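Chemist: Following the hints, complete the assembly by docking chains B, C and D onto the known chain A.
Number of protein chains: 4
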Amino acid sequence: MSHNTFGHLFRVTTWGESHGPAIGCVIDGCPPGIEFELSEIQKYLDRRKPGQSRFVTQRREADAVKVLSGVLPQSERDSYITTGTPISLMIENTDQRSKDYGEIARQYRPGHADYTYDVKYGLRDYRGGGRSSARETATRVAAGAIARKLLPNVTFRGALVQVGKHRINRENWDWSEIDNNPLFCPDAEMVPIWERYLDDIRKAGSSVGAVVEVIAEGVPAGLGAPIYAKLDQDIASGLMSINAVKGVEIGEGFSAAELTGEENADEMRIGKDGTPRFLSNHAGGILGGISTGEPIVARFAIKPTSSILTRRQTIDQDGQEVELRTKGRHDPCVGIRAVPIGEAMMACTIADHYLRDRGQTGRLD
Amino acid sequence: MSHNTFGHLFRVTTWGESHGPAIGCVIDGCPPGIEFELSEIQKYLDRRKPGQSRFVTQRREADAVKVLSGVLPQSERDSYITTGTPISLMIENTDQRSKDYGEIARQYRPGHADYTYDVKYGLRDYRGGGRSSARETATRVAAGAIARKLLPNVTFRGALVQVGKHRINRENWDWSEIDNNPLFCPDAEMVPIWERYLDDIRKAGSSVGAVVEVIAEGVPAGLGAPIYAKLDQDIASGLMSINAVKGVEIGEGFSAAELTGEENADEMRIGKDGTPRFLSNHAGGILGGISTGEPIVARFAIKPTSSILTRRQTIDQDGQEVELRTKGRHDPCVGIRAVPIGEAMMACTIADHYLRDRGQTGRLD
Amino acid sequence: MSHNTFGHLFRVTTWGESHGPAIGCVIDGCPPGIEFELSEIQKYLDRRKPGQSRFVTQRREADAVKVLSGVLPQSERDSYITTGTPISLMIENTDQRSKDYGEIARQYRPGHADYTYDVKYGLRDYRGGGRSSARETATRVAAGAIARKLLPNVTFRGALVQVGKHRINRENWDWSEIDNNPLFCPDAEMVPIWERYLDDIRKAGSSVGAVVEVIAEGVPAGLGAPIYAKLDQDIASGLMSINAVKGVEIGEGFSAAELTGEENADEMRIGKDGTPRFLSNHAGGILGGISTGEPIVARFAIKPTSSILTRRQTIDQDGQEVELRTKGRHDPCVGIRAVPIGEAMMACTIADHYLRDRGQTGRLD
Amino acid sequence: MSHNTFGHLFRVTTWGESHGPAIGCVIDGCPPGIEFELSEIQKYLDRRKPGQSRFVTQRREADAVKVLSGVLPQSERDSYITTGTPISLMIENTDQRSKDYGEIARQYRPGHADYTYDVKYGLRDYRGGGRSSARETATRVAAGAIARKLLPNVTFRGALVQVGKHRINRENWDWSEIDNNPLFCPDAEMVPIWERYLDDIRKAGSSVGAVVEVIAEGVPAGLGAPIYAKLDQDIASGLMSINAVKGVEIGEGFSAAELTGEENADEMRIGKDGTPRFLSNHAGGILGGISTGEPIVARFAIKPTSSILTRRQTIDQDGQEVELRTKGRHDPCVGIRAVPIGEAMMACTIADHYLRDRGQTGRLD
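Protein chains in written order, with full-length UniProt numbering: chain A, 1 to 365; chain B, 1 to 365; chain C, 1 to 365; chain D, 1 to 365.
For the record, the hints were derived by calculation from the structure and aren't laboratory data. Be aware that one or more of the hints could be misleading.
Since copy identity is lost for identical chains, a pair holds within one copy or between any two.
[As the list claims (entries may be wrong)] With a straight-line Cα cutoff of 30 Å, these simulated DSSO-like cross-link-like pairs (lysine-lysine) come out: (1) 149 with 43; (2) 66 with 43; (3) 49 with 66; (4) 272 with 43; (5) 49 with 165; (6) 203 with 165; (7) 327 with 49.
These numbers were taken from a predicted model, which means no experiment stands behind them.
Next comes chain A alone, as it looks inside the complex:
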């Protein structure tokens, strides 16, 4: 596996920079015979799209996805069926204000990849962060939409569960609230609190971190593989590859450090339908790297947006000390738009393991 590819049998290779002509991805290994409409991809892209509320960057991108290969067009407009060959998806960049970035072309923005790209590659595309821009994640969301079609009985849902120090009350969790607010918040009572807080952050030209939770329900038991393709490992890898993510946990996660063996054990019984069931899900749906059939629960922490309006000390590529105040259009909390991205990474990872398991064990389908 390499730099810009993830997955093994359901493989996604992404390409493109923030301010180039387009971004895109190639999905290799998608099974044949999967029918989808373009709108089924587009709807997920629209959830991640910038400019949707005052809490996210005001860059305006249509994020209209095109399917360039790997499908047969069906009689209905924008309806396709996969052929088993690589699916090339492309999104043209339309709203590129390269001039915004002129003055930081030579200065390293703290918290950004400017310095490290220059050290590694000797040069970088400074326009909008180039390849290190979160714009790349649009292609992951598109790939995730295809992955969902591959697993029609699995739901992949995400929510923002913490913004700064404000955590949701898990007892208020209501999935139907997610689409009622621009923050992917499942706790209706928390919404106004977060909104006021984020308004303050935005007006101050500041930013703040967040935590996202992603849950996959309906995943069959038996996916994943010891030892270096553990399902939790691959999910962690996928989530950690999202821009600005600094931590990932499964099930109890870091809280498990505080538990005893008795508290953490997920006991088992036989359900009324005669099938095994777990009495709890501290494990987050994964034991020994293999899915248990319980919901798979992952959380990831996103650092505050590095681009802020406060002057910070930094250096430029000539080794001069400078002070830098990032302009341009940015998200006060990149964690918000990370919700559909996290769902997509979870969907792609589980689709990949579904195919791998079918290959190795022949159990499924």
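Modeler: For chains B, C and D alone, kept in the frame of chain A given last:
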């Protein structure tokens, strides 16, 4: 990449079960010309070895490693030089009490991989957990020892920083304390507290979780690669593959969710020696997936040992409900022995990225 | 490695069908800082382009390549520098006469992939052969042009050495003849013979096979790796992946079967410049899977174009026996246009091994 | 994929040198539940084993294989069932006469990998060729035996079809002859001719090349995948990785260059059983990189053994010109023992594609 292999240019494939004749690994891609003594591998294995104190499992394994290939023996005894061909390392299993496991051959131990292995594979090696046993991690420690030799200017050190609810006082951090106590604890004041606590846990037949911190110092800036080979992503993947790990974080990790952009920014200046330096290291040594030259800091959470002496409800492979009390020899806190394993995974991952970067950019050496 | 990707550090993923909107490739792992002009890619595409002479298909494609990512535009028009991020290249399909293929939508053309695709995938893109069309090879030629830039001191040249039973006289070999005729023939005396023969074949609606030889000169000794990344193995793999190729050989190839050890040995002496040299090159520049520094010589056999105007017996997808006469525009000898494709595969493979060797041994640059 | 591993879902990693303590391989991805007896692996190793006749090297190796992991021992002695975890196989080296190689420790044997290993790695294990020795192929034969168990309905058989200029008469082909002579010759009339010829070669201290043909019967249609995992490509890659192989061809192979489209077409009809059948098999069982259901036919050319008793000119590692006469025990025709190796590589490759296809399409089982 596949089920039992990790790494790309420095590739490690492990094999073996807890109660088979041996366990081992093959290291593929190690550069030629690296000299080492067997004792330099053995000393890390000895740190991980069971039976070292009353806080870890009493299984007695010599864990004596043999080098079967990939080296030329040197004139001095147990001294070798790598040839660039695959290095096969083997550790024989000596203290296997298979009878201990007889009665759980058909019952699923809560928190273990018994159920999921049976679902996936239709059968499993129940003796000591088979492939899902942490015994496999001995081979990682051996591979990590070779990786360290490849990067002589980098130090990889780990410490236990939390046991149950007891966290060390970071102001007391003293690396030299690590080897003065059997708990890899860098805080001398915390050692007796943890010891008393773990004695209680052990006597109660219970177990508890923990958090390990691993730090790599001396890593050159520029290692890692966007987008799906981010250094933090690959470290997270490696650490999450360790048995019982439920969470991984880099630098500020989950705390970053609570910070503002101003608080989290690592500002830069030019040091007295004329080279760039960072005024803080919230990023944990990685920006945009690429190393900054600052120490790389990772933490991971380990759940409490699942094998406890308290009866728990579970089922057996015939779908019968049973109550199970795990016997055998086990660790009250598997987090302790996870310290050298975490170091090894960090070392292997960074060695791999060192070679990858040298391949792609030709910058190093 | 997967279905539509080749290479390890210099990785090429291709996508696209004959009659979709476009074809393209993503080159992942290209080192940063390589300057090139678009015309340096285009010139190789033009060599492979259909419609160049009466001996190749009359499909008219501009084959104009676009660079969508992975580069910084330079001040000069159509001049770029690579950034180390994935390079996305796209070629739009312009001359698609899908109607030509209407009647074979349900019939399996003998020698084509129609039947096997249908068995495997349950459906196929019958328009122009879909993904199985040699049109995909245009993207390889584009990737090969980038690979050449990475290795400025290596020349990759190919020639047609056999058409049907007519083999060139190797004593007449003159590389400068290659561009003087439309058949990539290095033997001026053979050109009129082949032209007459191919005219006959073309007029008869028939086709014929061919053999291509590709030579890389200037490859440093030491590239390639035992055991499953042998340089000859990877070259064979790359060449065998070209449509219609049925055999590959290195150096003496199948002739080696007839030689004795004495005849086949490449003896060594020290040259006047003090460096090792070989007195012959039966090995084709590779020993033990590793380059010797001598020219790397590979040949591959291409079967006759399967599309011919003679009626052949076949079946359709309903299991009915039918007789089929392929219409459409086709090459009487696909071997001709395979020359630049073979060069490209050789260039990509050697570029990949150059980076791999630099990664593992740090010898080069 | 990397240096010492082949396969994707059925992955084989080999390790070991000619004169180290042992050689071995790790098979990762073998499905669970496959029962086998040790003798079923051993019998293939015995076919490849040295010292079986006067026509092969007189090195005496028991080549006794041990299974170290990945299986559950069954009640019957030496009977096992696979568990889905990595299968580690080991063969100890017993007859190592390192002293034979003393004088060539510093000299480069023509046709061997001595020079190229030294250039690449800066040092090498000169004892018996180290890693470049064909001894490594014993581990492939062991892996191939497991692959055969995975595909019980497929037969993998090989034969020697050419020794020097002497080719078998294909009309005499009789598989039952293969085990009646020590040369894997399917043509009883050719056996005495080859024996006399090889006796002469052996007595002269010379060697000669050969051609091996391997046929897989019973492979279901639909295995393989466009574009860079074509079944013929992967078979070619596997066969070309065998020591001393210089050419590979599928079906008509190089002869296809001489055929017209009419001659080469494999026409189709519906058989009496209602299933599609081909009227010929010029394609060697593969169209568009995907199996047709017809026998898969591959041939490969092996160069003459490089170690001969005639003095040859060469250089040593100090750059001095020397004359070298290789001593030690060697095969007059390495092609003979290549037969079971070719079968093994074919079996592993097809097993891998079987699992891959099952993963991607879910068609099989």
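Chemist: The structure should be examined with respect to each hint, and the outcome stated for every one.
Modeler: Results of checking the hints against the structure:
For the identical chains of this complex, residue 149 and residue 43 are intra-copy neighbours only, at 13 Å inside a copy versus 41 Å across copies, given an alpha-carbon limit of 30 Å. For the homomeric pair residue 66 and residue 43, the shortest alpha-carbon distances inside one copy (13 Å) and between copies (29 Å) are both at most 30 Å. Proximity of residue 49 and residue 66 under a CA criterion of 30 Å is satisfied in both settings, with 16 Å inside one chain copy and 26 Å between copies. Proximity of residue 272 to residue 43 under the C-alpha cut-off of 30 Å is found in neither arrangement, the shortest distances being 38 Å within a copy and 51 Å between copies.
Taking the shortest Cα distances, residue 49 and residue 165 sit within 30 Å of each other inside one copy (26 Å), while across copies they are farther apart (41 Å). Taking identical chains as interchangeable, the C-alpha atoms of residue 203 and residue 165 lie at most 30 Å apart only when both belong to the same chain, with a minimum of 18 Å there against 38 Å between chains. Taking the closest pair of Cα atoms, residue 327 and residue 49 come within 30 Å of each other only inside a single copy of the chain (20 Å); across copies the shortest separation is 47 Å, beyond that limit.
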